[in-house]
Amino acid sequence: MARPRITALTRLFARVGVTVFGGGDPTIAILQREFYRRDWLTPEKFAIAFGLARLTPGTNVLAFCAAAGWYILGLGGALAAVLAITIPASVLVVWLTRAYDLTAHNRVALSVANALLAAAVGTMIGAAVLLVRTQCKPGRWLRPVAISTGAFLLAFVVRLSPLPVIGIAALVGFFWVET
Amino acid sequence: MNLAVLYLLLVKATLTSFSGLASLPVVRNDFVVRRQVLTDRQLNAAVAAGRIGPGPLGIYVVSVGYLVDGAPGAVAGWLAMITPAFLIIPMLRFLGARAEQPRARAVARAVLFAGAGLMASAAVPLARDAIANPLSLAILVVSFMLIAAARIDSLWVMLGAALIGLIAFRF
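Heads up: the protein sequence lines correspond to chains Y and C, in order.
For the first sequence, position 153 matches number 144 in our numbering, and the numbering has no gaps at all.
To convert a position in the second sequence, counted from 1, into our numbering, add 65.
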């Protein structure tokens, strides 16, 4: 694995923090692509960081960034990752709060906001597909597809909350080990 | 409101939730219902700003802090948002070499796949909300394809969507 400079790591997280829309999950999917492209994180460590982040209280993507930064550059990497992904985005969100208040009844702003919301949802679904696709190996698609589809059905049809769904997936993963 | 109290109330909300907007009921109860330092309309504006902008959905707590106490409040909100994230480091330290075992890796990958399924299920109600007309449906489908198939950077997807929204207003 390549060991980047802390400035390179900070730059990547800051860029992703202000350019990825649609919430934490698309952010994680884009970070996954960037990590693999740069050879900074193995798929195994990525999966552990992702899994544990789901079990950490608070905003999952920030726990994921702390874990990824910690794997890449230790405690300094964790701090840099979390600060870089949140500070520029927080400044933007404060600005947007003011702008939203001023333009809540402006029709041009509403038209742009509606288009952005639709794109954010499309991005989110695309990121879910990307997350599974990048973990699939040739000829080994059944486990990823079965678990992700099962989780979707449990959450959407059975209306189970995320934590029990993750617990069930962990149990399935424990007993259904890839050979 | 005292900044320390603001931070503690927001960190209580973030520490007792496991995803971005799951802290919203606690925030509403503390700030709108009990202390009445925010209105529902302001809380809605904070959530909307968090959804329209980049970053995690949980970033709305920064807006909440800003609306309660200006820039210092935004800093308190930001601290409350990032504090729980570092709890993952002792968990990783505890896992250590155990994380490399095949069964542990299989569990982690299964949780990752479940995360993708959960992401898709969370997107369905948002899609219902976002699809207001055939144009927004087309934007959603094209954005999905650009990310999932063409793997285009989401910045370009969002800029393109904003441009279409701007042009659509003219017609």
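Honestly, the hints are just simulated from the structure, not real lab data.
It is possible that part of the hints are untrue.
[Claimed, not checked] Partial list, derived from the structure: chain Y residues whose beta carbon lies under 7 Å from chain C: (1) MET(-8); (2) PHE12; (3) TYR27; (4) ALA57; (5) ALA104; (6) VAL149.
Remember, predicted model here, so these are calculated numbers, not experimental data.
In this text, a Cβ means the ideal position worked out from N, Cα and C, and glycines have one as well.
Proposed interface contact between ALA104 (chain Y) and chain C, which counts if any beta carbon pair is under 7 Å | Holds, because the Cβ-Cβ distance from ALA104 (chain Y) to chain C comes to roughly 6 Å (cut-off 7 Å).
At a threshold of 7 Å, is the proposed contact between VAL149 (chain Y) and chain C supported by beta-carbon distances?
-> violated, 10 Å
When the least beta-carbon distance from PHE12 (chain Y) to chain C is tested against 7 Å, hint result | At 5 Å from the nearest chain C Cβ, PHE12 (chain Y) passes the 7 Å test, so the hint holds.
Close enough to count: is the Cβ of MET(-8) (chain Y) nearer than 7 Å to one in chain C?
-> violated, 14 Å
Given ALA57 (chain Y) as an interface hint, is the shortest Cβ-Cβ distance to chain C below 7 Å?
-> Interface hint status for ALA57 (chain Y): holds (5 Å vs cutoff 7 Å).
Status of the TYR27 (chain Y) interface restraint (C-beta, 7 Å, chain C) | Cβ of TYR27 (chain Y) sits 12 Å from chain C, so the hint is violated.
Hint violations for this structure: numbers 1, 3 and 6, all remaining hints satisfied.
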